[in-house]
Amino acid sequence: MRHCVVCHVGNFPASAGDQLVVKKFLMGLVGMASLVLAACGDDATTMGEYMGFRRDDPLQVGNLTMTRAFEDGAESPFTFRADDGKLLVVYFGFTNCPDLCPTTLADLRSAFRRLPGSEARVDVAMVTVDPQRDVPEKLVPYLKSFVADPIALRTEDESILEKVEDGFLASSTITTEANGRVNVSHTAGTYVVDSTGEVVLEWPFGIGADGMENDLRLLLEDLDPA
Amino acid sequence: MNKKSIAAVIAAGALVFAACSDDDETADTTMTADTTMTADTTMTTDTMTEGTTATEETAAGEIVVEGAWARTSPMMAEMGAAYFTITSPVDDELVSASVDPSVAGMVEIHETKENEAGEMEMSAITALPLPAGEAVSLEPGGYHIMLMKLAAPLEIGSTVSIELTMKSGATLTVDAEVREEAP
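Residue numbers (our numbering), protein chains in the order written: chain A, 1 to 226; chain B, 227 to 409.
Careful: at least some of the hints might be erroneous.
Stated by the list, open to error - Incomplete in silico selection of chain A near chain B, CB under 8 Å:
#: 1; residue: N63
#: 2; residue: S110
#: 3; residue: S118
#: 4; residue: A148
#: 5; residue: P150
#: 6; residue: S172
#: 7; residue: T173
#: 8; residue: N183
#: 9; residue: H186
To be verified - Label pairs and their computed distance ranges (CB to CB):
#: 10; chain 1: A; residue 1: T196; chain 2: B; residue 2: T311; range: 36 to 46 Å
#: 11; chain 1: A; residue 1: E71; chain 2: B; residue 2: A377; range: 50 to 60 Å
#: 12; chain 1: B; residue 1: I382; chain 2: A; residue 2: P116; range: 18 to 28 Å
#: 13; chain 1: A; residue 1: R113; chain 2: B; residue 2: T311; range: 21 to 31 Å
#: 14; chain 1: A; residue 1: T65; chain 2: B; residue 2: P379; range: 26 to 36 Å
#: 15; chain 1: B; residue 1: P379; chain 2: A; residue 2: I160; range: 29 to 39 Å
#: 16; chain 1: B; residue 1: N341; chain 2: A; residue 2: E137; range: 26 to 36 Å
#: 17; chain 1: B; residue 1: M301; chain 2: A; residue 2: I160; range: 24 to 34 Å
Stated by the list, open to error - List of simulated lysine-lysine pairs, DSSO-like, C-alpha gap at most 27 Å:
#: 18; chain 1: A; residue 1: K144; chain 2: B; residue 2: K393
#: 19; chain 1: A; residue 1: K86; chain 2: A; residue 2: K163
#: 20; chain 1: A; residue 1: K163; chain 2: B; residue 2: K339
Don't read these hints as lab results, they were simulated from the structure.
Ideal placement from N, C-alpha and C gives every residue a C-beta, glycine not left out.
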């Protein structure tokens with residue numbers, strides 16, 4: 001089964017460029033930048049287009065590690081790879097984020113609802129970029145309001161967070177004003193990671209539930225051809 | 227690319243207030259500058275709400291607000307956001323929004339946009355331009371009414387009444403339905 005990947009290069013930093021990129025997905029081939037819909041798969045009935053984008057040189061995050069936080073204060077080491085037979089969706093956000101973060105997580109929830117059985121095959125991890133305020137007993141329930149079994153990733157070690165962010169070409173900045181007001185800015189992309197730790201697809205903010213649903217459906221089909 | 231924790235001293239009263247607040251100030255529910263509206267405006271002040279559409283009669287026509295909704299807030303969230311589309315019959319600006327303190331302790335008009343570092347950041351704006359006859363959308367990833375210091379979670383099915391004030395002095399109340407997703 002082959003899928004065309006049409007890369008919509010959005011507001012990601014260091015994105016692959018402004019051209020549409022079509023490539024065979026999950027074939028391990030280095031895609032060539034070319035015109036839309038060239039060289040699509042030969043199986044028209046299963047052909048689909050991804051709404052997210054994939055880099056010519058996909059990010060490899062499988063060697064990055066972080067701490068998974070649990071509500072009761074327990075912690076466990078976490079590696080950025082999906083379990084076998086599953087996908088891992090990674091987002092960088094924070095609980096005091098009223099706009100982008102809940103929009104993204106709610107869109108993901110909608111996509112899961114529209115794809116019966118999908119949530120069991122896709123783990124969702126959020127790295128908090130605001131660990132001082134996002135204590136585990138707050139972070140975990142927040143994420144649980146969107147997905148049943150979220151992976152809350154949190155470190156107070158800035159160098160670890162920075163390393164993880166760098167691995168995803170993500171970034172965040174916290175600015176505290178004199179009056180105590182905390183401003184958080186962050187890249188708002190979402191990443192789909194496979195069991196090898198390769199970022200197989202990236203979703204810029206705004207892809208919406210429709211885009212996520214479309215892409216998860218295609219990815220899960222590829223993962224486990226019917 | 228880099229994580230920066232900057233303890234910046236930003237002058238009080240700066241126009242660019244962003245996102246999220248820890249401060250403990252309570253008091254008024256409106257924070258936007260230039261909103262010292264008094265009751266002596268000559269605009270009609272009766273408001274109509276019908277479903278999620280609100281209109282404000284003015285001499286030149288009606289301000290129309292449609293599709294008002296607020297995202298349900300997770301239990302632990304202190305922040306919420308409300309969205310709608312607003313059309314003014316005349317050139318005007320949305321300068322203030324407020325809600326009852328039993329809903330949220332502070333309300334601002336916010337814009338989410340990408341900064342030079344490629345990061346998305348929110349900042350309060352003091353005025354949202356409303357060109358005559360143009361539908362201006364407040365939507366995720368763009369403008370929103372930021373509900374800060376939520377007194378309680380925003381529950382699905384409830385409504386949040388938001389009082390909007392224009393630069394012209396016109397006011398109207400918008401009933402935003404609390405939903406999981408945009409209508």
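Which of the numbered hints are not met once you compare them with the structure shown? 1, 3, 4, 5, 11, 18
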